[in-house]
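Visitor: Going down the list, the protein sequences come from chains A and B.
Going by our numbering, the first residue of the first sequence is number 1, and it counts up by one from there.
Going by our numbering, the first residue of the second sequence is number 1, and it counts up by one from there.
Since the hints were made in silico from the structure, they are not lab data.
These stretches of chain A come out as covered by chain B in the derived footprint (C-beta under 8 Å, 3 or more residues): (1) 41-50; (2) 201-210; (3) 215-227.
For lysine to aspartate or glutamate, the following EDC-like pairs were computed, each having C-alpha atoms within a straight-line distance of at most 20 Å: (4) A:Lys64 with B:Asp201; (5) A:Lys2 with B:Asp272; (6) B:Lys203 with A:Glu203.
With beta-carbon atoms standing in for the labels, derived distance ranges: (7) B:Gly90 with A:Ile196: 40 to 46 Å; (8) A:Lys2 with B:Gly291: 35 to 41 Å; (9) A:Ile121 with B:Pro87: 43 to 49 Å; (10) A:Leu184 with B:Tyr274: 29 to 35 Å; (11) A:Glu71 with B:Glu32: 30 to 36 Å; (12) B:Thr12 with A:Gly67: 44 to 50 Å; (13) A:Asn99 with B:Tyr274: 41 to 47 Å; (14) B:Met213 with A:Leu184: 20 to 26 Å; (15) A:Gly57 with B:Asp294: 44 to 50 Å; (16) B:Glu285 with A:Gly56: 34 to 40 Å; (17) A:Leu184 with B:Glu50: 28 to 34 Å; (18) B:Glu107 with A:Pro172: 54 to 60 Å; (19) B:Asp294 with A:Glu71: 46 to 52 Å; (20) A:Glu24 with B:Gly291: 40 to 46 Å.
The structure presented is a predicted model; accordingly, all values stated were derived computationally and were not measured.
Yeah, the Cβ is synthetic: ideal placement off N, Cα and C, and Gly gets one too.
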Amino acid sequence: MKQTVLTVTENIPLTASVYRMRLEGAIGENRPGQFVEIALPGRFLRRPISVCGARGGELTLIYKVVGHGTEQMSALEEGARLDVLTGLGSGYRIERAGNAPLLVGGGVGVPPLYGLAKELINKGKTVSVVLGFNTADEIFYEDEFRALGCAVTVTTADGSYGVSGFVTDALPENASYFYACGPLPMLKALCKKTDIPGEVSLEERMGCGFGACMGCSVMTASGAKRVCREGPVFKKEELIW
Amino acid sequence: MVNTRVTLCGITLDNPVIPASGTFGFGYEFAELYDINLLGTFSFKGTTRENRFGNPTPRIAECTAGMINAVGLQNPGVEKVVSEELPKLGKVFHKPVMANVSGFSVEDYACTCAILDREEQVGWLEVNVSCPNVHGGGMSFGTDPEAAASVTRAVKAVTKKPVIIKLSPNVTDIVSIAKACEEAGADGISLINTLLGMRIDLKTGRPIIANTMGGFSGPAIFPVALRMVYQVSKAVNIPVVGMGGVSSAEDVVEMMMAGACAVEVGAANLIDPYASLRIVKALPETMEKYGISDLNDIIGKAH
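With the rest of the complex left out, here is chain A:
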């Protein structure tokens, strides 16, 4: 964990409610699957946001406007300075990928998989990606994943684009391991549907984001764990659905 002040260099909408923010400064170490906590003027708690990408002194975040805090974030302009805690949580275990990892993202759960895909491709893995959205208007980053060299399938719940249905309707065969992030019902359905080992990133309302308040705990096969500290990524077999 590192407390730092970063400068907004980009903050643009990707869809009606999803934004991409780029931040510059001393970002510290941020592995795929980790998250940051952003302090916003006038808001007591920080906002936990997953890391989409980190390179040199630049951090890329993709977030959805879901409440007052993220709405305030969406109004920030280039040059705004933010107090950020970086490098939070455990991150994905890249060493478990095998040769043909599968990445499954739902909605605003897609962003952390982008940084992961980049690392896996750099390691010479054959990466398949299934991205699920409600409707065609909500799709983002399909082209970006393709540009990395991933085999991408997009599903929409209303059938307006790609495969009609959910991510579980479009899972490729012969994947070696899966990494997932998305809404809880999607994660549950995925773990039930596939026999291969994998890990998922959970979401929970957090207080501090660094393990002090015990606000975000989840019961696992090996006892109570903090989503913000031991998580947010948990192995499939650890989860008690």
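Could you slot chain B onto chain A? The hints should help.
Guide: This is chain B only, laid out in the frame that chain A set:
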């Protein structure tokens, strides 16, 4: 050169700043960030006889200038605290620590305190009769003078360490409860625990907190806490530890002027992991600004 040293129940603190229970874990997360020996001490995570997961999530809700938590005393249980947490703590913290204890019966409190009494590093027992987030215990002992007194007596009977009773603000007359604890032998009083609060999600019309209600903390409660510290410290002759919304060195000075001899810092640690250290470092400068050469001179100055 100003003097920030204060004494709490016979033990000298380098400064009066004490991270509050439930906001500082067992210290390690913070020891990774800075030398926690710079603190006066800290009060560790509320410990019970048996291990507890606590309440279902969500158990956090944001408020204006504060937050609600309904964690519900998640902890590994006193045996594991003694066998695992304290040995780890001893490696990074070399001062007496404040052990925070909760229970669901008078016997629970006594049993847990008796086990912690044997631990050399435990300087004080802070007995929480004020947790708003558990049923059939916690706060129910702190809302009735006789029940609070019976917990105090039971704990005093099993330990020679100073016993500080942590009180709930969710009562009509906190002074009568503090006095009952004093008469039952308490060595000190700490206050306030969180205020019972609630938020509703406008999209669903349902409470945000799974447990419906939770404890409200943060800067918003500071004036309420200060008032109660003032009232209680005027009424009792034992040391009072003030807490509730403290987030700056100025707040520490104000709490001490209200009658606190030491001050706990809670929710501030959760939004700024360096908050307690920042307060310790700012204290001498703040004292100089207000012409205070010795913190002991201002305790209860407002009385």
